[in-house]
Amino acid sequence: MATDIGFGSLLITLIVSIYGLGAAVYGEKEKKKAWILSAKQAMRLVFPLLTISIISLLYLLLTDKFEVVYVQEVSSRSMPDYLKITALWGGQSGSLLFWSWLLAGFTSAVTLRKWDRDQDFLPWVIVVSLATLAFFVLLNTFFENPFIRYWETSEGIARAFSRPLGGVPIFPSDGRGLNPLLRHPGMIIHPPMQYLGFVAFIVPYAYAMASLITGRTDDRWIQLSRRWTLWAWLFLSLGLVLGARWAYDVLGWGGYWGWDPVEISALMPWLSGTAFLHTVLIQERRGMFKQLTMVLIILTFNLVIFGTFLTRSGLLSSVHSFTQSTIGPIFLAFISLILIVSLWLLNKRWNILKSRQVVTSYFSKEALIIISVVLFLGILVTSFWGVIFPKISELVTGQKVTVGPPFYERVAAPILGGLLIIMAICPLAVWGYASFKHLGRLLWKPFILSIVGIVLPLYAGMTHWPAVVAFWLVAFVLAVNAIEFFRRTKLRRKKHIGSLWESVVHVFNKNRRAYSAMIIHIAVVLMALGIIGIEFFQTETQGTLPEGGELGLGSYKMVFEKLDVFDTDGGRNVARAVVSVERDGQIIDVLYPRRDYFYDSGQPMTIPGVRSTLVDDFYVILVDWKAITAESATFKVYHNPLVKWMWIGAWIFIFGVVLATWPDKKIKPFPVRS
Amino acid sequence: MKKILIWGGVVLLLLILGFGLIQSQQGQIGRGELAPDFELKSFSGETYRLSDFRGSVVVVNFWASWCDSCKPEAKDLEAAHKYYQPRGDVLFLGVDYVDTEPEALAYLDEFQITYPNGPDLRTKISQAFRIRGVPETFIIDQNGVIVHVQIGPFRSLEDILSIIDPLL
Amino acid sequence: MIKQPKRILTLLTSVLILVALFPGSAVAQGSDPTDDDVNAIAKQLYCPVCENIPLDACGTTACEQWRGIIRDKLREGWTEDQIKAYFVDQYGDRVLAEPPRSGFNWVVYIVPLLVFVGGIILLYFAFQRWRTAEPEESSRKGVKRAADSRNSTDEYISRVEEELRKRSKG
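Chains as they are written, first to last, in my numbering: chain A, 1 to 674; chain B, 1001 to 1168; chain C, 2001 to 2170.
Watch out, some of these pointers could steer you wrong.
Below, a list of computed lysine-lysine pairs in the DSS-like style, where the Cα atoms sit at most 25 angstroms apart [unchecked claim]: (1) Lys-490(A) - Lys-437(A); (2) Lys-2043(C) - Lys-2084(C); (3) Lys-557(A) - Lys-2043(C); (4) Lys-1071(B) - Lys-1124(B); (5) Lys-2084(C) - Lys-1124(B); (6) Lys-445(A) - Lys-490(A); (7) Lys-348(A) - Lys-1003(B); (8) Lys-32(A) - Lys-114(A); (9) Lys-400(A) - Lys-2043(C); (10) Lys-1002(B) - Lys-348(A); (11) Lys-1003(B) - Lys-354(A); (12) Lys-1071(B) - Lys-354(A); (13) Lys-445(A) - Lys-2043(C).
To be clear, the hints were calculated from the coordinates, so they are not data collected in a lab.
Required output: the full structure, derived from the provided sequences and hints.
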């Protein structure tokens, strides 16, 4: 019954989307407003419709309907309810439905705003959104249907939605259970955030396309989509950070980013999206680089679809990717379609998009932003190339090759350095005309302050020059931002009455965008600290210890106290070690690294014990690939300096983006000192 | 000029993706296809080239010592080898996929396997047969054509014999 | 052309690799290698059974056997390079974290380099062009506006601007 409702509403969504698409085109062509309004209603309807499908699937998961293939594959009786909900995106077809649902959410939400000033965009926004949605729903209906079920037939077990000839429904007693790696709190919110970030880019893309199609290429589409873009960017960033956190907490290799192809395919839209946000700034302020802005939003949306294609088509194999699937060819056709149509439209409007570009100085804000955009694109090109090269190599030479972390890091590390320099200078640079002299006047104070960033590491005995440079850059950016904020507040204080706090709040409110940007940049710098810590200073050791045995790493020492092996509910067998951490002969912490073995899926999961401080993380893994007995166990220990700043920075980053996205409030009149 | 370059790049990219997709979706080399020729250097040092054995039925078995589902079929394969050995026109070749020599030798010893086995150097053979995992077995007739592809282990000795017997 | 990337490579990676190798770079011949010595090499290798996970973190039986091989070879006094070469001979180029620098694989290193150099040249010429372009009426206004809002001397104007911006956003 629930399968019928779920699939039925999926089918209706497909029909409604296609109808809306057709109605919008027809209405626009024949100048019949009623048709366009009808298309708008159709677009508003897709979200509630897919919600019915999602609820049906959730119902099937929560009530253990193992006769449904998807439920049998990703769920099991012993799983707690919150995991059964998580299982919604734990497999290919379910997560595709979830993806379509989120996409429908954004699509429907767009219809809710007032369109009176932008009637000309409306039909095309509908066409682009509904075409994309129709494609994903099509995948769900014909290729990856989460509602098909098991049937017993004369030729064995069949998987079909409707009863095959002579088929008898069968009811498996239990399911295979969710992949243990996904049974982690981080995994419960990482995919939804990541998907939200991906699908939200549909809105700016649809507006951009509408602007290209109508030829109305002023800043209007950017104004309309700015907030949507920021939300998309926020979710994408959140998704990346949560994914990193999940890797750090669950994958058990002491790091959070492994340059895995799937990680990269999530990073790529973020890179181009970030570049897009920055060129939008120039376009808004100076009316320049309209072509580049357009190229970047097209690139971003294409990379979103491309990333989804990479993960889901079976082109790449990775820890993250879904199993072999038949959707590859049709997905490729869709990518080709949107790529070619976008480029064709871009080509058609290329001349209208031309703007008089005047950049008088390398040190003006727009010049610095352009340079940083190029740097972002540098990482993007390298990442893209690294991801597809193994395929090219296999096609050309027949040899399989790996393109791993060293390849990407060699490019990303210096570029990150360059970006930090620009981040330091940029808040002080002005739009339009700027000279080095002018900039120098503003820069010397923070520069002197930032010397601390060189002296301190050297004093601490650091001889590793790239790290010293990196620390200096961090100090420099922080100093610039702190001094700039202080300067502005002081300026404000001179002219107005009121408390210091009021001044701070007012300075902030008055130019909220600039200050949120400042916060975001400071956050990035803090995250850079975490990256520096792990890239340059991570150390590790491994050893097999008897009970009471010790393993030293740097100034730390861990003592293996005991090991308990027991079963818990949820069908897992847990081996949990008790490890005390000592420093200078004092016990400073007790950690519980563990290895969980899941009976239903036969897979292990390694959960490290971590002592995390602002200075460093002491990260202990109970190594699973050596026999674990009560008498002796193998431990791998990592010392990860400064990693915590990665997460602190991430939260500040997200706070900054939320601040930038927050709706404008009316500014209260402020008493002015005459 | 610039335009041609850009469109050319787009088409090239899509072609790469397309061919990549075709390649990754291709299953194992199929029945009726000519088996790709290969050279296997056995653990004991002899070299076997597939094309030298036209006129014989060749059974190419991919396995590894770390592969648990390879173990049940190991003794059946050896028994089949013993069964056909007197005839002399059925050759069994074991291709050891991504394995380490000491463990591989221990495995051969454990199951007392006597037919030639050798490592799949640089994974060339497994790539040529496009295997997806181990165990997989390809049975090649006297003309070098693949007549049977076994994915996963054989269930019994009879299973193996029933495929090879009709070829002789 | 071929020498260039190699030098950059050594310069930039040596630092990273040195750090990674630090705990176990010196193994006396014949002595029993520690887990750290094994991991230092395993870190740089990828086994085809678990793609994209470095060998030192991979939990499959196959990978454990590989680490055993590294240990045996170290015990026999092999150097790191010899061991890596052995793995390449046995299992192909894909065991390395990066494609070996030979033949067609050069493409993977040269393309980003070309893009980088090309990008710099393009950007340079673009800046030259943008500099010499005649400033337009509108962009001159832009300069003024920008300067104003930065110095925030005139409260009134900037507040009006703020209002205007909000209105235009609808």
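Checked hints:
1. The suggested pairing of Lys-490(A) with Lys-437(A) holds, with an alpha-carbon distance near 23 angstroms, which does not exceed 25 angstroms.
2. Under the criterion of a C-alpha separation no larger than 25 angstroms, the hint pairing Lys-2043(C) with Lys-2084(C) is consistent with the structure, at around 11 angstroms.
3. Under the criterion of a C-alpha separation no larger than 25 angstroms, the hint pairing Lys-557(A) with Lys-2043(C) is consistent with the structure, at around 23 angstroms.
4. Distance restraint check for Lys-1071(B) and Lys-1124(B): the Cα-Cα separation of roughly 23 angstroms lies within the 25 angstroms cut-off, and the hinted pair is therefore satisfied.
5. Restraint check for Lys-2084(C) and Lys-1124(B): satisfied, since their Cα atoms lie roughly 18 angstroms apart, inside the 25 angstroms limit.
6. Restraint check for Lys-445(A) and Lys-490(A): the C-alpha separation of about 16 angstroms stays at or below 25 angstroms, so the hint holds.
7. Under the criterion of a C-alpha separation no larger than 25 angstroms, the hint pairing Lys-348(A) with Lys-1003(B) is consistent with the structure, at around 12 angstroms.
8. Between Lys-32(A) and Lys-114(A) the alpha-carbon distance is near 19 angstroms, which keeps this suggested pair within the 25 angstroms criterion.
9. Straight-line distance between C-alpha atoms of Lys-400(A) and Lys-2043(C) comes to about 19 angstroms, which keeps the hinted pair within the 25 angstroms bound.
10. Note on Lys-1002(B) and Lys-348(A): the hinted pairing holds, with a Cα-Cα distance of about 15 angstroms set against a maximum of 25 angstroms.
11. With a C-alpha separation of about 16 angstroms, the suggested pairing of Lys-1003(B) with Lys-354(A) holds against the 25 angstroms cut-off.
12. Taking the CA atoms of Lys-1071(B) and Lys-354(A), the gap is near 68 angstroms; set against the 25 angstroms cutoff, the hint is violated.
13. The hinted pair formed by Lys-445(A) and Lys-2043(C) fails the criterion: a straight-line CA distance of about 44 angstroms is larger than 25 angstroms.
Checked against the numbered hints listed earlier, the structure breaks hints 12, 13; every other hint is satisfied.
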